[in-house]
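Chains as they are written, first to last, in this note's numbering: chain A, 1 to 338; chain L, 1 to 338; chain U, 1 to 338; chain F, 1 to 338.
It is worth saying that the hints were derived from the structure and are not from the lab. Since we're looking at a predicted model, the values are computed, not measured. Treat the hints with care, since some could be wrong.
For chains that are exact copies, the list does not tell them apart, and a pair is met inside one copy or across any two.
Quick list of in silico lysine-lysine cross-link-like pairs, PhoX-like style, CA-CA up to 25 Å [unchecked claim]:
1. K318 <-> K20
2. K15 <-> K318
3. K161 <-> K200
4. K318 <-> K119
5. K146 <-> K318
Protein chains: 4
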Amino acid sequence: MIIVMAHNATEDDIKAVIKKVEDLGFRAHLSRGVERTIIGIIGDERQLAGASLEALPGVEEVIPILQPYKMASRAFRAERTIVQVSEDIAIGGERIHVMAGPCAVESREQLLEAAAQVKAAGATILRGGAFKPRTSPYSFQGLGVKGLEILAEAREKYGLKIVTEVMDVRSLPVVAEYADIIQVGARNMQNFDLLKELGKIDKPVLLKRGLSATIEEWLMAAEYILSGGNFKVILCERGIRTFETYTRNTLDLSAVPIVKHLSHLPVIVDPSHGVGRWQFIPAMCRAAIAAGADGLLVEVHPNPPEALCDGAQSLTPKTFAETMEELRRIAAAVGRKL
Amino acid sequence: MIIVMAHNATEDDIKAVIKKVEDLGFRAHLSRGVERTIIGIIGDERQLAGASLEALPGVEEVIPILQPYKMASRAFRAERTIVQVSEDIAIGGERIHVMAGPCAVESREQLLEAAAQVKAAGATILRGGAFKPRTSPYSFQGLGVKGLEILAEAREKYGLKIVTEVMDVRSLPVVAEYADIIQVGARNMQNFDLLKELGKIDKPVLLKRGLSATIEEWLMAAEYILSGGNFKVILCERGIRTFETYTRNTLDLSAVPIVKHLSHLPVIVDPSHGVGRWQFIPAMCRAAIAAGADGLLVEVHPNPPEALCDGAQSLTPKTFAETMEELRRIAAAVGRKL
Amino acid sequence: MIIVMAHNATEDDIKAVIKKVEDLGFRAHLSRGVERTIIGIIGDERQLAGASLEALPGVEEVIPILQPYKMASRAFRAERTIVQVSEDIAIGGERIHVMAGPCAVESREQLLEAAAQVKAAGATILRGGAFKPRTSPYSFQGLGVKGLEILAEAREKYGLKIVTEVMDVRSLPVVAEYADIIQVGARNMQNFDLLKELGKIDKPVLLKRGLSATIEEWLMAAEYILSGGNFKVILCERGIRTFETYTRNTLDLSAVPIVKHLSHLPVIVDPSHGVGRWQFIPAMCRAAIAAGADGLLVEVHPNPPEALCDGAQSLTPKTFAETMEELRRIAAAVGRKL
Amino acid sequence: MIIVMAHNATEDDIKAVIKKVEDLGFRAHLSRGVERTIIGIIGDERQLAGASLEALPGVEEVIPILQPYKMASRAFRAERTIVQVSEDIAIGGERIHVMAGPCAVESREQLLEAAAQVKAAGATILRGGAFKPRTSPYSFQGLGVKGLEILAEAREKYGLKIVTEVMDVRSLPVVAEYADIIQVGARNMQNFDLLKELGKIDKPVLLKRGLSATIEEWLMAAEYILSGGNFKVILCERGIRTFETYTRNTLDLSAVPIVKHLSHLPVIVDPSHGVGRWQFIPAMCRAAIAAGADGLLVEVHPNPPEALCDGAQSLTPKTFAETMEELRRIAAAVGRKL
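Put together the whole structure using the sequences plus the hints.
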């Protein structure tokens with residue numbers, strides 16, 4: 001951590017800062033430049049998170065040097081984390097996994113049909129929301145536990161694994177009972193109480209990036225789970241909020257190589273929410289794999305115009321199957337398998 | 001709702017859209033322009049929230065006409081809502097209320113000192129977090145129920161009302177027991193399960209705008225509470241996330257007159273989180289009152305450099321008292337009292 | 001264009017709007033819904049650009065239906081535009097072209113070395129700035145005409161075509177004399193006087209997306225050039241400004257398929273400015289090709305730490321050559337050549 | 001400037017960085033922390049702008065310590081700059097000046113009527129565009145020199161000063177001949193060739209903040225003019241681009257106290273473009289004055305629905321006159337005059 005003193009800071013200001021730093025148990029390193037005096041702090045600055053050094057007289061700026069996350073960093077673990085979902089499915093290895101299915105579980109018929117279709121096209125994991133976070137209280141809110149039961153039936157019948165969202169600490173036990181991967185939605189990325197609970201269980205967690213979360217904040221959210229003891233975290237880029245209005249969000253594919261540079265955790269991409277219009281999803285699936293994503297999360301619906309949510313961004317089973325063909329070629333071109 | 005057909009949509013596409021609209025129980029109104037055919041939907045489009053008409057062949061765009069919120073709108077209630085916090089404190093009336101105090105309750109001494117100081121300067125409501133949402137798992141997480149007890153003691157001793165944050169549905173009962181106003185933080189603005197619970201209780205709720213929430217989404221979050229039966233909602237602008245890095249957020253003061261135009265709910269401003277640097281808080285307090293805010297939420301700490309959180313954006317008691325003087329003059333200039 | 005009347009608009013307000021629309025030479029189409037009255041405008045709404053109908057009493061919102069660009073749209077020209085740069089180089093066809101070279105022409109030696117290196121790796125077009133737009137007046141501002149002469153020498157020697165930036169209407173003639181493709185930088189995307197001049201010449205123009213331009217505004221900037229008579233426009237996505245601070249910009253790869261859906265113009269990608277850190281450029285080059293880009297613009301410097309600008313985002317010749325190998329495989333996987 | 005070495009940087013990497021720093025004529029100051037080694041650079045880091053130290057092996061991050069602007073900073077000039085527009089009009093002193101008038105000069109009648117109205121209400125400077133930057137090539141582009149002549153006539157007749165926009169280096173001489181203050185629009189904030197020319201003349205320049213410019217970039221644009229020799233620069237906040245769609249831009253009023261903290265230059269506010277809807281302009285005018293603005297730039301049109309541009313954000317003369325009354329009270333409340 002570097003403390004930059006204002007150009008008109010006094011000697012007393014400087015002494016007071018050094019004293020404060022030392023009182024907190026750190027060593028201070030003074031450096032007088034031509035226009036500014038700076039004070040370096042020697043020690044683990046993460047323990048200073050929240051200390052209010054900026055409020056000291058004469059301090060112009062406090063600049064952190066270290067990343068604020070520890071367990072999520074490459075420095076903590078040099079080899080890549082591979083999240084084992086089941087005996088034969090691992091996220092983060094050579095094989096890329098595609099998680100596909102409808103936005104929401106709407107009925108037994110709809111979900112089983114979707115499951116059959118995505119399985120046939122090559123997906124290994126079935127997505128489908130039982131508890132749905134909806135912007136409007138008047139929108140379909142999901143089937144709840146009934147939806148989880150339907151997901152379990154589809155798993156049984158088609159040999160797919162299940163990823164589904166948890167919205168609330170109260171429903172975590174039941175979601176954890178049914179799901180193979182527990183999804184944390186973008187709006188819950190900083191629901192810290194939920195993250196703490198997820199740190200205590202032994203199930204893979206798919207952690208979506210928040211709507212306006214920096215990569216650093218996203219990794220800090222992961223740190224909550226890791227520091228609780230659960231290392232089975234899969235990150236999921238799903239688009240960030242920008243001024244562009246044609247797309248629902250702006251899919252930030254640069255997050256894929258960056259997360260792999262900063263962290264050992266696997267990262268997948270959700271182009272459906274990232275773009276929000278089905279026409280552009282196949283291109284973004286291809287781009288995600290080319291950028292190095294470890295998997296995809298794609299909305300597929302047997303009949304998009306009838307969907308109770310997100311029909312506009314759902315692929316038809318036919319388009320999904322064609323896209324999977326293209327993805328196999330891209331995966332091969334980057335030395336991986338699908 | 002207006003459905004814009006693509007320039008190359010066929011007659012069959014148009015017919016299919018009209019049929020779908022009618023099947024959903026609405027009337028369709030066809031209008032053929034020079035370059036585009038558009039189909040108007042007659043009926044309460046809010047009931048179509050989530051319908052996936054964009055997924056029909058030949059549809060280029062679906063444009064909503066009505067605001068998606070109902071109970072939060074001026075059309076629903078023409079007169080302004082005044083939220084009665086206690087017999088003598090009402091938010092949204094002629095009198096502007098200032099809620100002030102530290103970011104977090106750190107100790108009994110700290111809070112009682114802060115309470116005495118903000119009371120002396122003219123604040124009527126004491127702020128202070130007992131449950132703290134922190135970006136880092138390694139930061140101070142708040143005193144929990146102990147913090148609530150300290151807040152209650154300060155209320156008793158100084159005749160202030162209490163506003164404090166709820167983070168989780170599980171702690172809502174205890175927070176509701178102690179607080180006069182229950183605060184929902186920016187990160188929880190779309191914690192829909194929490195909003196639903198807040199709709200069931202009879203306590204004022206201070207609903208902060210999400211970090212990257214549009215005004216419409218913010219009013220939709222309020223709609224969750226209102227539609228649950230609780231009309232005591234106070235909105236709080238606290239800055240939105242932009243590309244600017246000098247400030248913590250960008251305080252959107254235009255939200256004040258806009259919310260008052262679109263909704264009947266009162267709106268206050270939190271310049272502390274909005275700007276994030278104490279030097280600029282007094283100016284933004286003045287601007288908020290001049291823009292028409294019904295109140296302020298301001299961080300004040302007896303000794304900012306010692307604060308366990310947000311010291312850089314906390315006013316000293318002295319600066320706060322001076323600011324209150326200025327605010328009295330601004331309030332008078334816009335025909336209100338402080 | 002749709003005019004939405006406020007819920008409390010009077011009959012006189014409605015009549016006045018209809019009269020105004022008819023006075024402007026358009027037909028009005030009235031539709032009374034349950035909660036709102038809307039008035040459709042029949043005619044080419046682009047001729048209403050700038051009309052101030054929102055200012056009429058009782059008008060709540062004016063919603064455009066048509067895209068504001070005409071010549072840049074797919075409706076105007078169904079087949080894809082292929083920009084012929086020279087007899088053997090065309091942008092927008094089956095073959096993907098890579099434009100590479102240093103940020104700035106720094107010296108004859110530097111540029112010739114770079115030219116030799118990018119040529120050897122498979123680039124067909126050499127980039128290099130002679131006139132440099134720099135945020136700081138104290139930074140290197142480019143070699144000017146001398147830089148153009150060096151570029152011409154490199155073209156001669158290595159059989160590459162030249163793309164270089166024009167910053168100002170006054171230097172357009174000399175830039176046009178030397179360049180094979182004239183680049184308009186992001187900061188000049190809405191330099192309308194410059195765009196008008198570019199509409200009058202017969203040279204390919206590479207139009208970068210503005211730092212915070214929507215796709216629609218970008219296509220409107222292209223419309224300025226097209227409507228002036230020059231159809232040789234190549235669009236270039238180069239990242240947009242967001243709240244993320246780890247990257248220089250956020251590269252919006254969804255712009256690639258979207259531009260191809262909305263327009264007939266070719267589109268290339270500049271991942272160097274889009275990300276700003278060389279480590280992640282190869283991954284984003286791969287992703288851009290997989291998303292369907294017609295080309296790339298990549299910064300390559302013989303010795304990045306010595307670069308006078310943008311060294312942090314410049315590839316070494318070795319990394320560039322390796323990246324080109326990967327891109328050949330991706331291009332083949334999407335049915336194209338490099 | 002601080003160079004942060006990567007956690008796995010070698011001793012040779014460190015030595016190479018120190019050598020490079022010294023070769024550039026600076027002193028290096030080494031500091032070994034627990035987890036990272038950092039190297040401080042002693043000397044005027046502004047001379048390193050553009051140096052590519054990030055590209056050296058083992059470098060993780062290069063963090064500037066000094067603001068990149070010099071002449072625009074408070075450190076360069078401690079007292080506030082007051083820009084003298086004429087003998088009796090100065091921007092930045094005790095008196096707040098309101099610049100008002102239509103978006104564009106549309107006709108002699110329209111402008112003279114507007115001039116009479118804004119003069120009567122208390123404006124001292126008349127705004128009106130003769131050269132108009134328009135998003136669409138099909139929109140009204142301004143009357144050009146004819147518009148300047150009309151502005152001059154209004155100045156003569158009503159004793160107002162004139163502020164009008166320059167779009168292009170070629171028309172700068174004629175604009176400078178007529179204008180009392182030369183306006184640089186948001187889209188031209190980084191038109192560096194134009195800024196350089198403005199540095200050479202002796203006329204006040206009103207420099208609008210770019211659509212997505214940080215405060216630092218805005219001050220760097222001012223630095224171009226100052227470093228050219230022209231110190232008569234007035235900064236103008238006019239809203240920045242965010243994800244919010246209800247307003248045209250998000251007016252960043254915190255920029256007012258921040259600019260006054262970082263720079264000696266005066267700063268005014270344009271709420272018309274900042275919000276884009278006339279209903280909210282009076283509130284934002286009040287807020288701007290309360291925040292400490294030295295002036296306002298407000299669009300007023302004799303008949304907004306007939307305006308050829310920006311009618312939706314233009315005040316009627318009546319609303320403008322009422323707003324001026326309110327502003328006098330706010331100005332008095334902050335110890336200033338209007």
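Hints and how they fare:
{"no.": "1", "hint": "K318 <-> K20", "in the structure": "between (65 Å within a copy, 22 Å between copies)"}
{"no.": "2", "hint": "K15 <-> K318", "in the structure": "between (70 Å within a copy, 24 Å between copies)"}
{"no.": "3", "hint": "K161 <-> K200", "in the structure": "within (22 Å within a copy, 37 Å between copies)"}
{"no.": "4", "hint": "K318 <-> K119", "in the structure": "within (12 Å within a copy, 42 Å between copies)"}
{"no.": "5", "hint": "K146 <-> K318", "in the structure": "neither (28 Å within a copy, 57 Å between copies)"}
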